[in-house]
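Student: Sequence:
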Amino acid sequence: MEEAEFEVPQVNPQVALLAEALQALINNTAGVGGAQAHPPRHFHTPQSEAQFIKDFKRYGPPTFDGGSERATAAEWWVRELEALYAYLGCEDQFKVKGVVFMLRGEALNWWDSIAVAEDHANVPVPWARFKDLLYDYYYPETVKDTKEAEFLHLAQGTLTVAQYERKFTELSRFALEFIPTEAIKIKRFVKGLRKGIRGPVDL
Numbered sequence: 001m002e003e004a005e006f007e008v009p010q011v012n013p014q015v016a017l018l019a020e021a022l023q024a025l026i027n028n029t030a031g032v033g034g035a036q037a038h039p040p041r042h043f044h045t046p047q048s049e050a051q052f053i054k055d056f057k058r059y060g061p062p063t064f065d066g067g068s069e070r071a072t073a074a075e076w077w078v079r080e081l082e083a084l085y086a087y088l089g090c091e092d093q094f095k096v097k098g099v100v101f102m103l104r105g106e107a108l109n110w111w112d113s114i115a116v117a118e119d120h121a122n123v124p125v126p127w128a129r130f131k132d133l134l135y136d137y138y139y140p141e142t143v144k145d146t147k148e149a150e151f152l153h154l155a156q157g158t159l160t161v162a163q164y165e166r167k168f169t170e171l172s173r174f175a176l177e178f179i180p181t182e183a184i185k186i187k188r189f190v191k192g193l194r195k196g197i198r199g200p201v202d203l
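One point on numbering: in UniProt numbering, the residue at position 107 of the sequence shown is 107, and numbering is uninterrupted.
Since the hints were made in silico from the structure, they are not lab data. The reader is advised that the hints may include incorrect statements.
[Claimed, not checked] Straight-line alpha carbon distances no greater than 25 Å define the calculated DMTMM-like cross-link-like pairs of lysine to aspartate or glutamate that follow: (1) 167 to 182; (2) 187 to 150; (3) 187 to 170; (4) 147 to 92.
Owing to the predicted nature of the structure, the values given are computational and were not obtained by experimental measurement.
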């Protein structure tokens, strides 16, 4: 008796790529407006400012020079620093002291000019104040509005599905009010796909 032959169904490559992109989009949802996982704290109580700076630099914190893509770079720089501060259990009074050591070039010149005005009473600049000053200069509302508009008009066009997913994720944090839920976010993502790809998963 002859054994029956079974054909292995072929998976459409575009559908497979789209499935990967949608999974990446879902995985990234928690990192854009959702609850983010915080690293475990290593409660650190420095005995002195000098000891804190030594320990802080030992973890290789990122530098910031205010160069190209300055708005996005400033945001990511602060986010990386805050993740490190959360791990160290850093006290607010030491945070600005730490970041000043990581400024380079134009950014260091910017801070020097700010420090003259902010430290006239010899009062340390709070971390929240530092972030406000940094964003006012490097990340003004006009930039955020531009990014929001770019997201709202985003379409796949000539991008690959993976490139479109990365761009969508990058810009989505500037327009959170337009994607309040994961379902709405995915629906907008699918809407921006090319018709030939969007068809099988049109929502």
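Student: Return the numbers of the hints above that this structure violates; sort them in rising order.
Tutor: 4
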